[in-house]
Amino acid sequence: MSDILDLAAGNLISPIILSFALGGAAALARSDLSVPEAAAKALSIYLLFAIGFKGGASVAGHGLDGTLILSLGTGIVLSVLLPFVAFALLRAMTRLSVVDAGAVAGHYGSISIVTFVAASSVLASRGIGAEGYMVAVAAIMEAPAILAALWLVVRKGGGGGIDAGLWREILLNGSIVLLVGAFAIGWITGPEGLAEIDSFIVAPFKGVLCLFLLDMGLVAGRNLRASGKVITPGLLAFGVLMPLVGSLFGLAAGLALNLSTGGVVLLMTLAASASYIAVPAAMRVALPEANPSVYLTLSLGVTFPFNLTLGIPAYVALASLTTGG
Amino acid sequence: MQTHEAKRVEITIEAPMERRLVRALKEAGVAGYTILPVLGGYGRSGEWSREGQVSRAGGMVCVICILSEDRLQPLLEAAFAVLERHLGVVCVTDCEVLRPGRF
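Taken in order, these protein sequences are the chains called B and R.
For the first sequence, full-length UniProt numbering gives the first residue as 1, with consecutive numbering after it.
For the second sequence, full-length UniProt numbering gives the first residue as 1, with consecutive numbering after it.
Next comes chain B alone, as it looks inside the complex:
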């Protein structure tokens, strides 16, 4: 327990977390500090490209092992399964309608790539290695949860559906294309390719992540300020409980796959995180009756900060304990 607290304390005073806290505090204090939309977009493109490229280069450097396909399959299963768990918890813990519960459940089956990036950064700073292909697992976990959540809502008579256009938008979502594309480039060009551009995608990475998290803090703070009243005690409890439940599913899957300590941490983080990029856009199209204040505030204002501050250190400690890493 003291290890977890030490890790959490060390994590809390890292530049990444403090940047997020600064953004959140500035928004809650109604400061006029803001990151323009185009700048936020550019920062996210940089982070997705860098994390994808480094993952691909790592796979090229260390070679593929048989667990890649199994890990991808496990990612799909987790992404389909977790919305059912989230939906059951929401119906038991809150008074959300079927449509709102389905929309929230979809967010918790999908993943937050920024939480994944933050966890990767924590692992790197602690010298804990992870399988490079976890980036591909992250990409593959984005979409299945959306389908599972929509199926849940349709089955419960809540309406909603998915047309050909939405299929394309989900599967060719910009963040998935960039992540998978950068992973492929990193894989094709290998460590030599990485050496050519490492001064751009390795050294400045943490600094860019700090700026991006400053913006995420601003967005989360604004969201809490504007929509915080929709978060009932039951929803707040769900926003903290669900990542812990999801992380246990990730832990079990990671141990079954015999992943490294870092790989288990990343799978736990993916299973624990909630989307706020791909899924909200899909839900606006497929389930417009669902209240965006509920799912965005839960995902961005509750679960994201929880994972960033306390969740990731807990996942590192638990994975180290169970893998002996």
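Quick caveat, the hints were computed from the structure, so don't treat them as lab data.
All C-beta atoms in this analysis are idealised placements derived from N, C-alpha and C, irrespective of residue type, glycine included.
Be a bit skeptical, because a hint or two may be false.
What the hints assert, rightly or not - Which chain R residues face chain B? A few, computed with CB under 8 Å, are given here:
no.	residue
1	Glu14
2	Pro16
3	Met17
4	Arg20
5	Gly46
6	Glu47
Put chain R on the given structure of chain B with help from the hints.
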């Protein structure tokens, strides 16, 4: 200079619905449209702003098209089919144009 009466339709809609809306407008026979970014706003569903949004989900866009009155009803019907379940505002105003053959 001689001007001619026309209708200006302004549709503020959730950004994820933009592509669907403009496809419906084209199918309804509009001669053209303009899409404008919207900075932020407040309405029945609360306050929103485009600042810092990495996802388009929380943003809105404004689609403007100008057309002759006889084309208005088919366009509104096509737009409504897309907008019916979504957040947004449709506003029709009178305007004057110089070259009516273009609309």
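Hints and how they fare:
Because the smallest distance between the Cβ of Glu14/R and any Cβ of chain B comes to about 5 Å, under 8 Å, the interface hint for this residue holds. Taken as an interface hint, Pro16/R checks out: its beta carbon lies about 5 Å from the nearest beta carbon of chain B, inside 8 Å. Of the supplied interface hints, the one on Met17/R holds, with its beta-carbon coming within about 7 Å of a beta-carbon of chain B, less than 8 Å. With 8 Å as the threshold, the beta carbon of Arg20/R comes within range of chain B, its nearest partner Cβ sitting at about 7 Å, so the hint holds.
Hint status for Gly46/R: holds, given a least beta-carbon distance of 6 Å to chain B, under 8 Å. Interface restraint check for Glu47/R: the shortest CB-CB distance to chain B comes to about 5 Å, inside 8 Å, so the restraint holds.
Hint compliance for this structure: every hint is met.
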